[in-house]
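K.L.:
Listed here are the chains, written in short residue letters.
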Amino acid sequence: MEILKVENLTFSYPLTTSPAIKNVSFAVNKGDFVAVCGATGSSKSTLLRLLKREISPLGEISGKIIFDGEPLSSLTPEKSASEIGFVMQNPEHQIVTDTVWHELAFGLENLNLPQPVMARRIAETAAYFGIESWYEKKVSELSGGQKQLLCLAAVMVMNPQVIVLDEPTSRLDPIAASEFISALKKINRELSVTVIISEHRLEEVIPISDKLLVLDNSVVKSFDTPRNIAANLSDAKLLYSMPYAVQLFHAVNGKGECPLDIREGRRFIEENFGRETTALPTPKYTHSPQTAICFSDVYFRYERNLPDVLRGLNLIVYENEIFCILGGNGSGKTTALSVAADLIKPYSGTIEIFGKKIKSYKNQSLYRNCLTLLPQDVQTVFMRNTVREELEGAEEEAEKLPVDFEKLMDKHPYDLSGGEQQLLALAKVLAAKPKLLLLDEPTKGIDSASKHRLINILKQLKSDGMTIVVVSHDMEFACDCADRCAMFFRGEIVSVDTPSRFFTENNFYTTAVSRMTRGIYSNTASLSDAVKLFTLNKGGEQV
Amino acid sequence: MRTFADSNPVASAIYFFSVTGIAMFSANPVISAISLVGAITLYLMNNGRKSLSLHLFSAGLFAVMALVNPLVSHNGATVLFVMNNNPITLEALIYGVCAAVTVIAVLYWFRSFSDVMTADKLLYLFGALSPKLALTLSMALRYVPLFGAQIKKVHASQKALGLYKDENIVDSFKGGMRIFSIMITWALENGIVTADSMTARGYGAGKRSRFSIFRFKLDDVLLICAVLALSTVTLFGVRNADFEFYPYISTPEITAEVAVGYVSYALMTVLPVIIAVKEELKWKYLKSKI
Amino acid sequence: MIVIENSRLRSAVKIAVPFMLIPLLVVLGATVFDEQRYLIVSIGVALLSLLLFAAGYEKKPTGSRRMVIVAVMTALCIAGRFIPFFKPVTAITVITAIYLGGEAGFLVGALSALLSNFYFGQGPWTPFQMIAWGMIGLLAGFLANPIKRHKWFMLVYGVLAGIVYSLVMDIWTVIWYDGSFRSELYLTAILTALPHTIMYSVSNFIFLWFMAKPFGEKLERIKIKYGI
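Chains as they are written, first to last, in this note's numbering: chain A, 1 to 543; chain B, 1001 to 1290; chain C, 2001 to 2228.
Bear in mind the hints are in silico, worked out from the structure with no lab data behind them. There could be a bad hint or two in this list.
Unchecked claim - Here are a few chain C residues that face chain A, going by a calculated C-beta distance under 10 Å: (1) S2064; (2) R2066; (3) V2068; (4) P2214; (5) K2218; (6) R2221.
To be verified - Far from chain B by the CB rule (all over 12 Å, computed), these chain A residues: (7) M1; (8) T76; (9) N110; (10) L280; (11) R301.
Even glycine gets a Cβ: it sits at the ideal position worked out from N, Cα and C.
Hey, can you work out the whole structure from these sequences and the hints?
P.N.:
Structure, rendered in structure tokens:
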């Protein structure tokens, strides 16, 4: 049964010439899980918001949106508010009230329901989502993942038939993101709630989607099962956002059924390639003898009564290398970065930056032509009202970056896309002419195309002589750009190695390609290595 | 175990307002003194021996307040000594002490009030009067820690960007202003997300109801009845027991009525202690049976 | 009831009734009361005024965006306390009032007084602080045009707001202490509070000097972008 039907939908924002949505038609069945994908600027958000009447953008609209047999515009306010749920990107700002229970109640209060009905609905929702143990907590005490789960629950409590989600996991770390996707899968499979979701990272969404809607330049390019779409991909940008199994399939011009997840990817490799060569020769890693950062026995805690976050950390980063720090939440990665940038001070141990004690950099001289940090939340570096003003004194750096700032000049920094904001912030940071660049989670919230662009930029900066330290959760990113990777665990480094060895020796904490090739080939963590290896083996019929 | 702090906020509020209201309204030093003892007892019961600084502060404030009156007011017949041609009188001093007792007592009551009436509970009370105001306040309460965390992040970014030139007060004030300006943009721009999230969940569609996690239990009703009864008895008992300070101190005659008033007020001030002791005993009794 | 056509005048009357008429009546009626009970009466009146204001606010619909802005401004008043020595409450209240109207100004002032006492301790002074700060916002809303047009007017307003706020709160301190108003005690209170008063005024001046323009631009942008 069709729950939602869009017919010839065209939409343009005020004062623009070309429509943001052009002649879009598609129909979603009750209980379907639909993923919407497309590059940044393909109007994914606009389309999704048009499906939710209360927050539809203002502009000229034609065509029809039919929900549950009725035009969307003629639904009663109660039905419209409760039966179509909407979850946005940023969990911090979607939450309205200060406590978990009140947030759950908020939507029901708006429906003017009596207390006993609310109490019952809230109780069952909280129990279903496992919120009971933090039901009375303040929102500010929750983790990012819990906050986003709360946003989902606060929508689910209203008992919607359809929920629309606009990049809900882009601000979460991979573990929280995958928990969130599991929760979505659960409500879709167990409660038959129709899910329409847009995502940058499709790795986990594609295997559970019934349909994939590909948007390109304001039109629907295809609307089909993920397998069919994955098998016939032509757009390189879109390919970047696909699961690694799909990328691998296309990189070797695979034929037949396209694998969608790790398990299928592994089967695909086993069936198609021989094992004559099981490893690529690994060149020995050479580094500069000078150190850029040297931590010895560094201990840090945030407050006297709290446990140590860094426990005798020893860390050496050599000049002119890209060093990636990986590890779970709370393992001390970001703390180590802040200590290196002298933003917080350890209570014991010594830190040297370019061979000089950090304490001897007096009067903020550490930040002059020496070291700089690009924070996780890039909005913290914007101070002005236009991109032009932001870039004052950083024009040179901006020119080198692969983004056309010229046409963005008069925009407000907050109106740029995630990827553009990232590069604007990077330009500002680079204007300080640092020798050592520290980056905290630079790939959070940006799409795959921007991520590839960032890898190229970092490599370019390195060849210009810069030392770069990246803290990240993103293993594929680390694998593709780092010279060395380090694993943080409970405030210490437990392993440091070159990416190919680092990721192939890890069992759980490793890249998708490494998972697919484990036991078949060794030392294969990145997509490019895997492709090289397959070419050498010439197995199957296609390479 | 249900202690005083677990009572329904309405019951707790009625208790605090009655107990402080009577102390302020009666202008009777005996009531004030009972009030002070009761307030300190409750505070000590909840906080133990920590927060010594509060007690020291209160003692200091007490001394200042007690001494201010004789220095500025020269009424009263019993001159203790003369300072700068101004007589310092016993009556004015005693008046100052009595006023200070009342003020300090109220301060202590409100300390306990703040401990017991957490933001959640106050919002519940406001919600009964104006749900919309309570919602606005709840949103602001959500924002305060969020902004606090963001301010720290912005400060760190700005520092690492090398925007602080020197380490002095002017620079840190300028830095503060810069951070504040960034915060305004950040908060306003992202606030729109909050507004959308409200609208998406049906805010503004019509009349709202109100959900609360606080229930009225029999204990609460009993507590309210007890407070109202004791208040009435107290006010009735001390209705004519006014003190005169000038020119001579004259105390009202202690009749049975007045005595009953004092006793009932004293009972009222120790109600939370009584509840705590009762629960403690009940618990011990239950435990001995297990 | 008389129908007032002009909506601005109507809202002015609505606000004037709780805040001007009632206190006036009480002041006149104070002679009837026993002097020593003045404190409790004044608290009652303050609460009543706030209640009437709340009732007015409750009745009319407030869009979610407007509501968010009031909440954001209120929270900024509290969060802004991190800046050394200077407290931005009055400045934020005034700026909100001139861009979003007197009611929003009153709300931001009153709610930030209440909210800051969540952190610094509630007391019988809370309703008075709420009204005092709220009034600063309300008045700024009425004077929005001259304040927007002349910077000096805004700065004078800010400085006066600081002084008047202190003077009003001192009256209350005296009443609380003495149960009635005595001018010699009032003088002592003013003198004791002088450093605070100066700080308030200077702080208002500096904040308005630096913040009014950029802050106003930001609010204008939001107003245009989101149609408030």
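K.L.:
It remains to establish, for every hint, whether it holds in the given structure.
P.N.:
Comparing the hints with the structure gives:
Contact between C:S2064 and chain A, as hinted, is supported at the beta carbon level, the nearest pair being about 9 Å apart and thus within 10 Å. At its closest, the beta carbon of C:R2066 sits 14 Å from a beta carbon of chain A; the interface hint therefore is violated under the 10 Å criterion. Hint status for C:V2068 relative to chain A: holds, with the closest Cβ pair at about 9 Å, below 10 Å. Satisfaction of the interface hint for C:P2214 is found here, the shortest Cβ-Cβ separation to chain A being roughly 8 Å, below the 10 Å cut-off.
Because the closest C-beta pair between C:K2218 and chain A is about 8 Å apart, less than 10 Å, the hint holds. A hinted interface residue such as C:R2221 counts as satisfied when its beta carbon comes closer than 10 Å to some beta carbon of chain A; here the least separation is about 7 Å, so the hint holds. The claim that A:M1 is not at the interface with chain B holds, since no C-beta of that chain comes within 12 Å of its own (minimum 25 Å). Residue placement check: A:T76 does not keep its beta carbon more than 12 Å from all beta carbons of chain B (closest about 9 Å).
Once the 12 Å rule is applied to beta carbons, A:N110 is inconsistent with being away from chain B; the minimum gap is 4 Å. Residue-level check passed: A:L280 sits 39 Å from the nearest beta carbon of chain B, beyond 12 Å. The claim that A:R301 lies off the interface holds: its Cβ sits roughly 16 Å from the closest Cβ of chain B, which is beyond the 12 Å cut-off.
Hint violations for this structure: numbers 2, 8, 9, all remaining hints satisfied.
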